[in-house]
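Offset between the sequence shown (1-based) and the numbering used here: plus 5.
It should be emphasised that the hints constitute simulated quantities derived from the structure, not laboratory data.
Treat each hint with caution, since some may be false.
[Unchecked claim] Lysine to aspartate or glutamate pairs mimicking EDC-like chemistry, simulated, CA-CA at most 16 Å apart:
| hint | residue 1 | residue 2 |
| --- | --- | --- |
| 1 | Lys514 | Asp571 |
| 2 | Lys514 | Asp536 |
| 3 | Lys514 | Asp590 |
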Amino acid sequence: MFDTLLIANRGEIACRIAATARRMGIRTVAVYSDADADARHVQACDRAVHIGGSEPAASYLRADAILEAARRTGAQAIHPGYGFLSENAGFARACADAGLVFVGPPADAIAAMGSKSAAKTLMSGADVPLVPGYHGERQEADFLQDQARAIGYPVLIKASAGGGGKGMRIVHADAEFPAALASCQREAASSFGNAQVLIERYLLKPRHIEIQVFADTRGQCVYLFERDCSVQRRHQKVIEEAPAPGMTPERREAMGRAAVAAAQAVGYVGAGTVEFIAEPDGRFYFMEMNTRLQVEHPVTEAITGQDLVEWQLRVAAGQPLPLRQDQLRIQGHAIEARIYAENPDKDFLPSIGRLDALQWPPHVIFQTGPVRVDGGVREGDMISPHYDPMIAKLIVHGQDREQARQRMLRALGAVRCTGVQTNIAFLGRLMDDPAFAAADLDTGLIEREHDRLFPAPRASEDGTLALAAAALLHHDGLARPDGAGGAGPWQQADGWRVGGRYERTLTLKDACGERAVRLRRDGGDWTLAVDEHPAQAFRWQAEGRHPARVRIRLGDAEARGDVHRDGARLDVFADGRRQTLEWRDPLALAAAGAADEAGGLTAPMPGKILSVLVAPGEAVTRGAPLIVMEAMKMEHTIEAPHDGTVKEVFYAVGDQVTEGVTLIDLEATETA
Numbered sequence: 006m007f008d009t010l011l012i013a014n015r016g017e018i019a020c021r022i023a024a025t026a027r028r029m030g031i032r033t034v035a036v037y038s039d040a041d042a043d044a045r046h047v048q049a050c051d052r053a054v055h056i057g058g059s060e061p062a063a064s065y066l067r068a069d070a071i072l073e074a075a076r077r078t079g080a081q082a083i084h085p086g087y088g089f090l091s092e093n094a095g096f097a098r099a100c101a102d103a104g105l106v107f108v109g110p111p112a113d114a115i116a117a118m119g120s121k122s123a124a125k126t127l128m129s130g131a132d133v134p135l136v137p138g139y140h141g142e143r144q145e146a147d148f149l150q151d152q153a154r155a156i157g158y159p160v161l162i163k164a165s166a167g168g169g170g171k172g173m174r175i176v177h178a179d180a181e182f183p184a185a186l187a188s189c190q191r192e193a194a195s196s197f198g199n200a201q202v203l204i205e206r207y208l209l210k211p212r213h214i215e216i217q218v219f220a221d222t223r224g225q226c227v228y229l230f231e232r233d234c235s236v237q238r239r240h241q242k243v244i245e246e247a248p249a250p251g252m253t254p255e256r257r258e259a260m261g262r263a264a265v266a267a268a269q270a271v272g273y274v275g276a277g278t279v280e281f282i283a284e285p286d287g288r289f290y291f292m293e294m295n296t297r298l299q300v301e302h303p304v305t306e307a308i309t310g311q312d313l314v315e316w317q318l319r320v321a322a323g324q325p326l327p328l329r330q331d332q333l334r335i336q337g338h339a340i341e342a343r344i345y346a347e348n349p350d351k352d353f354l355p356s357i358g359r360l361d362a363l364q365w366p367p368h369v370i371f372q373t374g375p376v377r378v379d380g381g382v383r384e385g386d387m388i389s390p391h392y393d394p395m396i397a398k399l400i401v402h403g404q405d406r407e408q409a410r411q412r413m414l415r416a417l418g419a420v421r422c423t424g425v426q427t428n429i430a431f432l433g434r435l436m437d438d439p440a441f442a443a444a445d446l447d448t449g450l451i452e453r454e455h456d457r458l459f460p461a462p463r464a465s466e467d468g469t470l471a472l473a474a475a476a477l478l479h480h481d482g483l484a485r486p487d488g489a490g491g492a493g494p495w496q497q498a499d500g501w502r503v504g505g506r507y508e509r510t511l512t513l514k515d516a517c518g519e520r521a522v523r524l525r526r527d528g529g530d531w532t533l534a535v536d537e538h539p540a541q542a543f544r545w546q547a548e549g550r551h552p553a554r555v556r557i558r559l560g561d562a563e564a565r566g567d568v569h570r571d572g573a574r575l576d577v578f579a580d581g582r583r584q585t586l587e588w589r590d591p592l593a594l595a596a597a598g599a600a601d602e603a604g605g606l607t608a609p610m611p612g613k614i615l616s617v618l619v620a621p622g623e624a625v626t627r628g629a630p631l632i633v634m635e636a637m638k639m640e641h642t643i644e645a646p647h648d649g650t651v652k653e654v655f656y657a658v659g660d661q662v663t664e665g666v667t668l669i670d671l672e673a674t675e676t677a
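Construct the complete structure from the given sequences, taking the supplied hints into account.
Set out below in structure tokens:
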């Protein structure tokens, strides 16, 4: 076994690899970019080497800098993690040429599976079933459209060198094909440096089931069962679970044998995942092979009791597989939820910012337990526009699927994360969705259950507003209603009045608009009324400020929660839910003025302008695409919010823009 391992990655996976290496007594070396100088993975390793600028191309994709870091630190092996250079055959060869162990498959195996088109041709020869489609080299737009017509709509356009949901488009009609192809090719070229695509029949109500395989240098290959990754948004996985619900032993064995055949066809070594698309009748087809460790590997670790990173390191060191196929067993059920900094209500648009608060329920880290958290960021860290916006993976393990689902619901409800938009509430609704609970799974579940998963905004309950009001009073130094707290009139900043009478109206804005919270104190007695609701007796206690831990009694009802405050924003956590409110402080509003920004379309995040689709003077209708931006290697289209005329376009193709800048001045069309 080697004694020094360089981890050529960042974030959660770098921390994950370091944890196992430390347990095995292996010294670790981190590499980092300018943006990651104080990152968690840097602290997790024994030594760290700076390799370049914040953009991946200037650091984590620089094979020369990584190899030089290995030489300087005496590393004998390099673990690429996932993403970045993990499936780069050239990098694997460069490691071998430098006398370093690449913790992954041989370069030839990566190359064979790196092109989806070539891989499917290879799988056809190995008798692995394939989805009908075109996987050839010709890439002329007219030719590809002819292939789509021959296959029959709907079809799926996929980047041949891609993965992670990037460079994929579903096309339902012939007229949609040219624009979808162009967008797919742009995204593929940006993400993978290769614009080649393939065309496949798009299966209706398919499930995405993948098989974890492992092979050693001695010719042994096993499969560690399956994972169901059907729950996806924008072709990217959101929830993964193992084993796949409804999987029969016969089908599991058939898929396992096909996966092993796929691995052996390319002389595979190490950890890999063979991904299949499965139809409701049980037929399954090869999609692709990921020649690396998958993001969702913890659910396989949970049901097998094995550390897959340890398996990787042992196989890379020339040792045999730790277990034979007949020694592997499934234990219980595991579910993983990917927690992202993103806004599900805005098509899962990534959210950039600082993690003001990040707190988890009781858990283990990078090892199997009832609740596990694999994360690469800490409270106070920035979610950067340069990298994937994943905050952490929340993994639960139970005796069966229902126990795991309930455990996930409770764990999600206990997470406290503020400073950025997150998908935590969405994940909770997904766990509680009747279709998910019944394991009625397919890749269209989120779209099919859209109305349940994206409910219309609801006005905050009186109890939530009361918790926020109590936190504001506490922040202002007001003594508790029972007189406790020791604050006299000279220490309080609460508008003390002779006779003890105090009145105040707080304006709190929720998703449905502004709410008036009227507070009154007469001596030691408090009342609270919301909008036009009758006043109710109000008692409260609070301690701490960041967050304020609040307990209230409003009429006959009691509530408790944590209130995190950042300026005018109040995040109220209660009953497993997060409610964000804005305090409309009249003094702050007066100071801010009444700047009128009507008509300006702003950048939702930092990014690069890929295309400008309109010109000054052009009339547009609501929903018309105006500008295409790239952020976090994904394309985002800015659409017209209403009919109007473009007065001015402020940026050109290739420009880098910051979040919030005005992109277009759009004058609304006057209506009669």
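Cross-check of the supplied hints:
| no. | hint | in the structure |
| --- | --- | --- |
| 1 | Lys514 with Asp571 | holds, 15 Å |
| 2 | Lys514 with Asp536 | holds, 12 Å |
| 3 | Lys514 with Asp590 | holds, 11 Å |
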